[in-house]
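Novice: Here is how the chains run, residue by residue.
6 protein chains.
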Amino acid sequence: MSTREDGRADDELRPIKITRNWLDHPAGSVLVEFGRTRVLCAASASEGVPRWRKGSGLGWVTAEYAMLPAATNTRSDRESVKGRIGGRTHEISRLIGRSLRAVIDDKALGENTIQIDCDVLQADGGTRTAAITGAYVALADACAKLRVPSALTGSVAAVSVGIIDGVPRLDLPYVEDVRAETDMNVVMTGDGKFVEVQGTAEGVAFDRAELDALLALAEKGCADLTRLQREALELGG
Amino acid sequence: MSTREDGRADDELRPIKITRNWLDHPAGSVLVEFGRTRVLCAASASEGVPRWRKGSGLGWVTAEYAMLPAATNTRSDRESVKGRIGGRTHEISRLIGRSLRAVIDDKALGENTIQIDCDVLQADGGTRTAAITGAYVALADACAKLRVPSALTGSVAAVSVGIIDGVPRLDLPYVEDVRAETDMNVVMTGDGKFVEVQGTAEGVAFDRAELDALLALAEKGCADLTRLQREALELGG
Amino acid sequence: MSTREDGRADDELRPIKITRNWLDHPAGSVLVEFGRTRVLCAASASEGVPRWRKGSGLGWVTAEYAMLPAATNTRSDRESVKGRIGGRTHEISRLIGRSLRAVIDDKALGENTIQIDCDVLQADGGTRTAAITGAYVALADACAKLRVPSALTGSVAAVSVGIIDGVPRLDLPYVEDVRAETDMNVVMTGDGKFVEVQGTAEGVAFDRAELDALLALAEKGCADLTRLQREALELGG
Amino acid sequence: MSTREDGRADDELRPIKITRNWLDHPAGSVLVEFGRTRVLCAASASEGVPRWRKGSGLGWVTAEYAMLPAATNTRSDRESVKGRIGGRTHEISRLIGRSLRAVIDDKALGENTIQIDCDVLQADGGTRTAAITGAYVALADACAKLRVPSALTGSVAAVSVGIIDGVPRLDLPYVEDVRAETDMNVVMTGDGKFVEVQGTAEGVAFDRAELDALLALAEKGCADLTRLQREALELGG
Amino acid sequence: MSTREDGRADDELRPIKITRNWLDHPAGSVLVEFGRTRVLCAASASEGVPRWRKGSGLGWVTAEYAMLPAATNTRSDRESVKGRIGGRTHEISRLIGRSLRAVIDDKALGENTIQIDCDVLQADGGTRTAAITGAYVALADACAKLRVPSALTGSVAAVSVGIIDGVPRLDLPYVEDVRAETDMNVVMTGDGKFVEVQGTAEGVAFDRAELDALLALAEKGCADLTRLQREALELGG
Amino acid sequence: MSTREDGRADDELRPIKITRNWLDHPAGSVLVEFGRTRVLCAASASEGVPRWRKGSGLGWVTAEYAMLPAATNTRSDRESVKGRIGGRTHEISRLIGRSLRAVIDDKALGENTIQIDCDVLQADGGTRTAAITGAYVALADACAKLRVPSALTGSVAAVSVGIIDGVPRLDLPYVEDVRAETDMNVVMTGDGKFVEVQGTAEGVAFDRAELDALLALAEKGCADLTRLQREALELGG
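Residue numbers (UniProt numbering), protein chains in the order written: chain Y, 1 to 237; chain G, 1 to 237; chain A, 1 to 237; chain R, 1 to 237; chain P, 1 to 237; chain E, 1 to 237.
It should be emphasised that the hints constitute simulated quantities derived from the structure, not laboratory data. Any given hint could turn out to be false.
Identical copies look the same in the list; a pair holds intra-copy or inter-copy alike.
To be verified - In silico DSS-like cross-links for lysine-lysine, where the CA-CA straight-line distance does not exceed 30 Å:
hint : residue 1 : residue 2
1    : Lys145    : Lys82
2    : Lys193    : Lys220
3    : Lys82     : Lys54
4    : Lys220    : Lys17
5    : Lys17     : Lys193
6    : Lys145    : Lys107
7    : Lys107    : Lys193
8    : Lys193    : Lys145
9    : Lys107    : Lys54
Could you put the whole structure together from the sequences, leaning on the hints where they help?
Specialist: Written out as structure tokens, the structure reads:
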């Protein structure tokens, strides 16, 4: 019997919604929803690569993550107004970029750049994992539009897991996230391998058994997300 | 017979859609659409006012406008990454703030701050006028939620007008905007008075007769928008 | 009978002084005075254009406006020290640039850049309109020195108008400006056409009749300024 | 038989050197060396806490990481000169801060702040793990000097592990780091629990067995480092 | 027989002009001219002192130096636009501040701040020495207006000296400055003592005899400037 | 009989230590110690010169100075975190660069750049003079490694002098520096000529006799430092 506020089982994802082509301009775009968390992912393609990569014959995929001021419980200041990007934003942008590059064949992409933008319209926990999961679908659409489907060597999805009151749980909303003793974000490929494992003790260090339980939960969640990504992509774009 | 690409009459607005409560957290929030232009407007309320206004008994309404990178035809760089806000962004933020303050009674608002955020999710011309029109509705919802409905002294709406190939037209999409000889943004109150008139000759200076024609068109457009705002607010929030 | 503090008629400009060649280095330079308002306008010419315009055969005119810290009643902080340019500065710089480009034939200018600098040495209202009016004269001198007089397709001047205690008035000094219910800056060509119309309700929205009265006043003021510009240019440089 | 360039066994740390009191001014300071990697760690104590924590009765520990320009193979630009801190620096500063806070009892610390500075004098891989390992010792010295030894609830150490040519290895120097297929930084408490696990696939995703092997190696390395920290602290400060 | 381009003797100042009260708003203001070099100096007084000096009973004098873009031969970029102040500007601002504080009795000034702004309108060598010389006069006027004449403990003036083709010369214009082998700026009090001596070899190191010759020249120049300052101040302000 | 806290004679340097090759990566590196002041000087060589010098056949030497946060009595904020470099840092960086360029033959260096980094690890007065003295040795090593020994036209060293309680003293530690009435930094070549003389009255202006006494003291100190530099360089690098 679940004790989660939203009635989910401990190993159950929130309702996931992947809406493709939400925008007119970018090559790929997805509005992804993990429960109340809503992230707009865009994949903009352009010819050419950054200067340091020119002439290499290789493509480039990079990502930027940001949050609208009104996305959070209490309005947060705009980073453009503060004139500097915070450490958390940097960290997540880099994570998204690395995750997507894990399934990109730079050579097959050719000297093209795909710029991923993940803008959180509403935040309720798990924004970075929703961003990665949605961005993969936008990236797939962009590769298709660029007519370089072979640039994608696999799929990638991400989920958060955590221990709340001693119980490991999948896909934490904000109310669980703030109470978690341990919090882990896991990025996996569609064939069940790990791309990123980022576990953090919040207050209490965790032992190996807890780590193993969280990893198992994450494997389950990423498998579910992989299936949902595939279904979304099978529908006509 | 219209010669506009989208088949509209010269004095006709694009399809306007005002969706209230698009977000969970802010006191008021609206997704406003002028055709393909889509702006997310949030009105976040907080107790207290900026330092320079403390103890005055007066409230404060301010606004920030921004555009998502993938909102435009060609991706535009993120201002937070550039580390500085461009002149255009500043200009529009200030315009939105002034426009909304024109219908706010600072005393009735009391020492509360309402922060308006207008984030352009997709741009197809007229983003600033859509922002003002939508932000007014979000502001009205925020005043209601704060239980200070009397802080609103009227309504405000905005529309763009321009002369294309010698013909004055209402509510320009991007394709018309770039071709306009003269471009004007007009902000009006619900009872037909002017709050802002910003006309700019693009290449060719305009004469008084043209100016008068544009003003008449704007009066018509703002009246239509005022009606649509009222209808949106009459629906249960 | 005038009720203005400085004894002027409502449709009368302040004493205007246009001193050419105030600086040794730039191609054109003007110290322009609208009463106590004093703006130093320089037009620096250089070969070549910004990268995005190279090879187009077209020239480029751009402007920067700034205010010395001690120019105002109460000293204002230096924007270079703050490390960022404020919205008002951006807005006025852009306005000056657009106004001057309205009378420039980019093709006749050739691939040259004219950079306009308008630095307010002393501020007493109307700094942006004085800046435009003076900058035009500096620009004319620069075009002459560059031997591209045909790059100028006309002249441009600007003036502020406003409604104080219900009375429309021309060329507002600071004491009137802060009391104005409505404030409008109008930029016009020498042949009486509009380049920019920027009207703002300060607190009270204005109706069409008031707008018309202000426009008429501005037409009168710009015509006077056009004459003074011509006289200044007719004197040997 | 080892195939590592420096002759180490796969599960062997580089020569570790912990020199306490390297600086005169801060409450604690350590020059820590992991082979050729050399990090200067300082723990500066000050009374009071940041504004948002005032009156809570709780202390605050925070960290900043930086690299001297000449620390790396090829000189890297100074972040103060660039005017902005890079994402990597932010990320590591946050990691160090979280790691140390995991063994701090905020209440026992009282309203005091300990600022940790980790400056990399020379970089040869593993700078962040050396920084955490050294910073813990500086922090312990600072707590002793502040006479709040009970603020420390345990010890913390960190090590990098990675898979090179299919072989899991401990404590990677730069030459191994750049060749690693998978790279993981692990922070553990002195009693063998996990504080942070950050694993990243570089190019090739890793499976669960590889992850397990890396974790085992990290457990061994952190236990060794814990012993070396204890020995360093047992010597008279 | 002089060989200076402008016909001056080697120990002769350029024509010096000190115009007081050039601005309406600040407590003291001076347009100072050293030949073609023209610097606008303003001394703005305000009650109170910076936070770190509050409650000390002591006043504060500080200075900012800047150059208008069109002041130089070739237009220089605006520091506010670049978003950062250059090293040279910082250096000169600090020099001016220190020089003026050398003749200020902080106690007699009381908890008031005088902010000096020196803006170079036109540059032809010696801008920093002209700035100090003019700023002193503006400061004296500000002290008089604040009714704290006793806050001034003496006067201060500054001049540049240099060796050109082996000949020591006083008060270098730009054409001499760029050719100088050694360049020295000297700030002295009215009673002939040194406040600052800043000598720099440009390419060739200088010996003690050359240093002595330059110091003698500077003593002569500062004495002349002191007399001119006194004359300017004796005229009704 | 000396009255200095550390027992030195008034014209005696603190213990000076010059440790070459303190770092593995840069072409030259020195840890220089003037008593408790400890500065790490690195000379990084790279092919090519900045854009504005390309094709000139000339080399370029430039310097950056910085201080670690924990180097000072009370921790100072990191300039990279503040996002801007302070005036003092700029000033010293420029001083170091000019001083070293005084003994460089740009032509003999060829189109190579040597970047000097002086990072103060611990500060106890005289950090800029220690930096110059140490940087020269690092520069000499870099020229040797680059096989352009002839690029060095001489040696350069620097020392601080000051008047404390009316007595001129050499090489001031922090406790003397804060009490000095006059403070002077002098940079000299190995053959006894002046490169920079920077004297500042702290509160009390100084007369010519005091200036002469300080210069004599500095000549003595620089001669001693020159000898120590030579000895350090004569040891095998």
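Novice: Each of the hints needs a verdict: does it hold here or not?
Specialist: A quick look at each hint next to the structure:
1. Lys145 / Lys82: between (36 Å within a copy, 29 Å between copies)
2. Lys193 / Lys220: Intra 12 Å, inter 24 Å, cutoff 30 Å: intra and inter.
3. Lys82 / Lys54: between (33 Å within a copy, 22 Å between copies)
4. Lys220 / Lys17: For Lys220 and Lys17, the Cα distance is within 30 Å only inside one copy (18 Å; across copies 41 Å).
5. Lys17 / Lys193: within (24 Å within a copy, 37 Å between copies)
6. Lys145 / Lys107: Result: close within a single copy only, 17 Å intra versus 39 Å inter.
7. Lys107 / Lys193: within (22 Å within a copy, 42 Å between copies)
8. Lys193 / Lys145: Classified as within: same-chain Cα gap 27 Å, cross-chain 48 Å, threshold 30 Å.
9. Lys107 / Lys54: within (13 Å within a copy, 33 Å between copies)
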